[in-house]
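J.: Between the sequences and the hints, there should be enough to build the whole structure, so can you do that?
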Amino acid sequence: MRGIPPHKSFFITVVVISLILAVFLSCSQKNDGDGTIKIGFIGPLTGPAASYGIPQKNGAALAAEEINTAGGLNGKKIEIIYEDSQMDPNKALSAVKKLIDIDKVSSVIGETTTAGTLAIADTANKNKVVLISPSASGAKVTDAGDYVFRISPSDTFQATIAAKLIFEIGFKKGAIVFTNDDWGAGIEKALREDFSKLGGTIVASEGCTPGTQDFRTQLTKIKALKPDFIYIPLYPAESAIFLRQVKELNVPGQIIGADNFSEKAILKTAGKAAEGVIFTMPSSPSSKAYEEFAKKYKAKFNEDASYSAAAAYDCVNILFQVMKKAGTVGENIKNALYSIQDFAGISGKIGFDKNGDVNTKEFSVVQIQKGDYIPYKKP
Amino acid sequence: MLSQLICNGLVAGSAYSLIAIGYTMIYGVGRLINFAHGELYMCSAFCFYAFYILLDVNLYIAFVLSVATGCVMGIVLERIAYRPFRNYSRLVPLISTIGASTFLKAMVALLFGIQTKSLLKDSSYQQAIDIFNVTITPVQLYTMIISVLAMLLLGVILKRTTMGKAIRATSEDEKSARHVGIDTNAVTSITFAIGGGLAAVAGIMVGYDQNIHPNMGVLAGFKGFTAAVLGGIGNIPGAVIGGFVIGLAEHIGAGYISSIYKDSFSFIILLLVLISRPRGLMGEK
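The listed protein sequences derive, respectively, from chains A and B. So the number in our numbering is just where the residue sits in the first sequence, counting from 1, plus 136. So the number in our numbering is just where the residue sits in the second sequence, counting from 1, plus 87.
If you want the ones that stay clear, here's a sample from chain A, every Cβ over 10 Å from chain B, calculated: (1) 204; (2) 211; (3) 325; (4) 329; (5) 335; (6) 339; (7) 390; (8) 427; (9) 487.
Footprint (simulated), chain B over chain A, 3 or more residues, beta carbon under 8 Å: (10) 183–191; (11) 349–358.
Quick caveat, the hints were computed from the structure, so don't treat them as lab data. Ideal Cβ positions, reconstructed from N, Cα and C, are used throughout, including at glycine.
T.: Here it is in structure tokens:
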């Protein structure tokens, strides 16, 4: 190297060689060679959907801890490697590539959102890495590939139930405010179609970019049309400010939500503005199993457990059960997963159909009363 | 509906104007686009959260303290991210402000968490008022009033005080200003302080209206920057007009065309204006 004094160039060479060696040594650690069995996790740990991602991370961590305390997988410990997608499909894609190429995982729990899952599905399929999402619910995930599974029912399911519910209550015309991404737009389309089939009308369908904090324009348009209800597939942060602005602009109509309300994060920020909202969410059997899980979760994380946490917990346990017999090669895990028909998960009974969709879960209808979730009884 | 949309647009516009003024003044004095400006807006909102909600300080005192902190943060930003790189190529301070922006967002997320937070203390929503066929909340009204007052105050400072003259002189020609004895370092610091203060006012008011989160400065900063360029970068009245144009454009566009593209309207207008008037609506300085 010209211009650099000999002692400096020697030093630089040593540093560069050490760095290269370090990278090679860490890369060559095989997945199930010596040490731990690695499972990837991709979810929004920061950003507008972090209120889903963090409980999922916690749920997964709890499951891994229990498995390891009980002896691990065939004697080896399970190690979950967490990547933050920041609810950005591009970052999710970089994360899954890193998990596959550098950490050499053969299975990934994720992604939390529909858009994220769709973004990484191709990579998972090509690399024969199993993808199991705790919560992606968009319709397109059904056809995302052989290696893609999810334990949350498809939105078309949820929208159909919502449409029926709304119609049975007696509402004939409504509006939808949705977040314009694969999840929100998917639910919007499904609800609009199902509700029209039943005979109702959607008088306004207003979208917003993910992360919007100002819904006044959408609400101004909707207020003029006087709908009976407003259906809101919006992310938690958006929902909170939406509910507040509904009250501030005096917009009439029953607010009906989707599984965005399954995390109590909205209640914390929206407070009284969330009173009376009706929404559908995947039922967690109020069973002893869930109560025990909730106790363990609260003891470890000092927070209330939730559906999202339970779903991620189930994902780890399903993978564990499958890997015990099938081993850690992606293709074998995939084949074994398709034969799961009645896994008793904390988030409900889990069985996969030929598309990797779960077809055994039920939805319940809940209303927010005095800051709590109360099962909704039609008046 | 149009009057409601115009009202919403004016409220949003007043916030954008305040942010745009900061961008434009800092560019005027330092020939620097301060990409951390949106984060000054965001940090002051979180300061207010810390004072008002966490420490239970009186509302008005918390407001004043937070704006003051915004000014101080502006000065600190100038010292750390701008002054050391002043004599290098113009890209260097620009990139360093991008770094400051990332740092501030991450720090706030670490300190306060990533959940969106409400600044309302005892209630979940404000009681709106109905006047002239529009529904408006008190904080929206105050946003407009305080923004206008701040802008008028700034105008008085710039026209009538010595410091104002010094700022204008430095914006016009930094070398000559130094030659006539103006302490351009102090002028730069004060300009960053003013920019930070105005961004703080905007951040606190919008945060009170729409909840706060660590990324709230990103889009707002972008739109404020767009407003500044729209009005002619370096031109303060231009920044004010740019801010209101953008606020109105996005609300009226969202109202009559499509709410999905609400954020694009400002940029479309920017494109159209720059094609016909590359120096902005009121001309660059």
